[in-house]
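Enquirer: Here are the chains, one letter per residue:
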Amino acid sequence: MAFVVPKDTYNGKVFEVEIGTGDKAVKIGGENTLPFLTFEGAVPNMPVIAHEVQDVAPEDWPETVQAAYKGVSGDPVTWAKHCQDNLGAQAIALRLYSTHPDRQDTSPEAAAKTVSDVLAAISVPLIILGSNHAEKDAQVLRAACEAAKGRNCLIGKAQEANYKTIVAAAMAAGHKLIAMSDLDVNLAKQLNILITQMGYEKEKIVTDPMSSALGYGIEYTYSVMERIRSAALMQNDGTMAPPMLNDIGMYVWKVKETMASESDLPDWGALEERAIGWESTTAVGLIMAGSNLLIMRHPKAIETAKKVIAELA
Amino acid sequence: MALSGVEIFKHLPKTNCKKCGFPTCLAFAMKLAAKQASLDSCPDASEEAKSFLGAASEPPVRAITIGAGAGAVKVGEETVLFRHEKKFVNPCGMALQVMDTDSDADIDAKASAVATSEIDRVGQRLRIELVSVKDASGDPARFAAAVKRVTEKAPDAGLILDTRNTAAVEAALAHLAGKKPLIYGATADNADAMVGIAKAAGASLGVIADGLDALTALTEKITAGGFKDLVLDPGARKAKDMVEQYTMIRRSATKKSFKPLGFPVISFAVNADPYMEQALASIGIAKYASIIVLSDIAKWKSLALIALRQNIYTDPQVPMQVKQDLYKVGDVKAESPLMITTNFSLTYFIVLGEVENSKVPSWLAVMDVEGLSVLTAWAAGKFTAAKIAQFITESGIDQSVSHKELIIPGYVAILSGALEEKLPGWKITVGPREANALPAFLKNKAAAA
Ligand code: B12
Ligand code: SF4
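Chains as they are written, first to last, in the numbering used here: chain L, 20 to 332; chain S, 41 to 489.
Do not rely on the hints blindly, as some may be mistaken.
Here are some chain S residues pointing at chain L (derived, C-beta under 8 Å) [unchecked claim]:
1) VAL283
2) LYS296
3) GLN318
4) THR354
Once the Cα atoms are required to be at most 30 Å apart in a straight line, the calculated DSSO-like pairs of lysine-lysine come out as [unchecked claim]:
5) LYS278(S) to LYS46(L)
6) LYS273(L) to LYS363(S)
7) LYS422(S) to LYS273(L)
8) LYS296(S) to LYS32(L)
9) LYS208(L) to LYS127(S)
10) LYS339(S) to LYS280(S)
11) LYS275(L) to LYS399(S)
12) LYS273(L) to LYS399(S)
Read the hints as simulated data drawn from the structure, not as lab findings. Glycine is no exception: its CB is placed at the ideal position from the N, C-alpha and C atoms.
Can you build the whole structure from these sequences, using the hints too?
Expert: Right, dumping it as structure tokens:
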């Protein structure tokens, strides 16, 4: 028996979404095969990594990753420019964390100003994230959309509880949209349908299936992603065909493995390497499951993820 | 691999003699396909039919066991491409590479690192199981000496003999009686001799070829001689080749019933950049490698790989669970605080860890909610006031605990009123939402008492 390459054919295709403007714009998605299987399909765009930047100093981040941005993280503009100019960021993800009512409760206007300032300083694409407070995000992201008009940003996250305002704002200002649901294939599909029913094109959505860190539920995210991707390709389900985003930094840099000292847990080995490796391993796992865009924190973890992506081309 | 009735029919005598008890060979074939009959019922079935159907009932990826006794590692036996279809069966084995040119001290250190690699994760004791000794010296005596050293320092580790030299394999096997190593391995040039050696030693054999055409030709040649304990190396070393080749192998085996590639895969993640090595190993774990060879197993690195392997290989239908029980944390007394949580392993071990951190001896009541997290169980109606009350009442907690104060997770604060109603005489205290706030919470409580 001779070996015959076992090719599958798919009738579906992941939508290709472009974010940003000018020669720094990036495209994600567009593949018509499972991750990196170019022997049976085309993978026009490789996964992209966005560096996370916050509108407040990251005082609650673990020491290992805080230290990596010492001297620049006090100000979002400086921080974003540093990522672009010194770390070669392909995109920046600005989290408007201070707007959360339990934090500084920064006003939508002030948040919009931060967005304008960051945009003025960078040419790479910008992802604009709220603080994950459904009601407040609706107001904040509406203001942010307006401030970022013309820059083709990726706005998020629209969730079942607040999608209407955010969708309308993104549509009016011509931005792309992150739709996030709670780790469930049907909920992801449902939200995309609700959003398109408002007249927003499904080809402009990026799905956030909800991430989890290695060791803390990554298998749920992994399988939900594989199922979403299979639905898009095999069942040619357009409501499941947006590219997928994984916002992993916020999950990874919360778990004990990225914080506990080696003296407390000698079995776990060196803290700095362990923490960085925890983020890059989480990233690689989800890249295997079909991630198109990742939001990450530690420069060294990002460097590893990029090296892997280069080897996957 | 399941065969259709028509495929089976092709191998039957086609005489419709009815001796099997069915009116036609085709009817019998249909019953066979449905696993409602056995080929033994047809007295005229040919040897060819028997071996074909016998092979068809084997798992699409052959099981291979490396090592013997308590430390034996079984890999392979996989049946699907996606973990949501069905649980991945046998977690991949991980191996540390030792060079026979390493100093004795280095060999000892590496072997000891494997021997002491075990860690506890979510209640499972997990480890790096294998040592791969590479013949870098070209000297059989030196190779055998290195192998011997490894077996002394890491007696429970399975062994991979990484050499193409039959003399080196034979020299090493002298120290490995009954140990069933993986000989890695056979190439087109040495296959006949290697098969003979592996057979005699009860060892399995790695088959090395450049690409899947050459690999197919070589495994067909070897299996034609009746030897089947094989492990495949198609040569992939770069991320892209690993994903593509391993996917082709798994697909050929499970979806096309292609026997020549129906064996576990060995993958080499070895890389000068430790983070990159970790990343390449992660790709192997996700994408169907059954054995992964590493150049170093620093604890920080293997912790993440062991966690990823555990995650990928858990049953997607059945969350990992712990037993419903009243657990003692620390040196508890009847007056110690009492907390409740669910029996999802992840939840239990996170909470347990933080209660231990607090150094405040406590009772932890773990309720069976079919392995769901606190909020998921609540949303699924399995962690309700009525059910918690019933659990507390029937568990016999009052035999061990003298007070009537129950601390509940902050995320289900909403239950406190209903719980007080359903548990007359009990005081319900709402704890913090996140377990990492438990040490401060418990210490404050202890100080106030
Ligand atoms: C993974 C997940 C699932 C998995 C199940 C995983 C599992 N084994 O439980 C699956 C996909 C199967 C699932 C299903 C459902 N889920 Co679900 N799921 C989640 C998710 C994403 C993570 C849950 C998790 O693993 N957490 C980690 C564990 C460790 O957390 P934990 O048990 O709460 O423990 C923490 C604390 O509670 C605390 N703690 C624990 N015990 C104790 C004890 C004391 C004394 C104290 C002080 C503290 C404490 O410490 C821990 C760490 O801080 C959450 C969203 C989220 N990010 O939380 C939704 C979530 C829990 N699910 C939800 C829902 C609604 C469901 C479904 C009903 C529908 C759906 N969305 O699919 C089904 C129900 C399942 C069923 N059988 O019917 C909702 C719950 C609704 C709510 N509360 O408002 C959530 C919050 C998502 C959401 N926002 O809608 N889910
Ligand atoms: S006994 Fe065998 S040959 Fe006879 S009918 Fe049954 S299957 Fe056919």
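Enquirer: Quick check: which numbered hints come out false for this structure?
Expert: When the structure is compared with the hints, none of them turns out to be violated.
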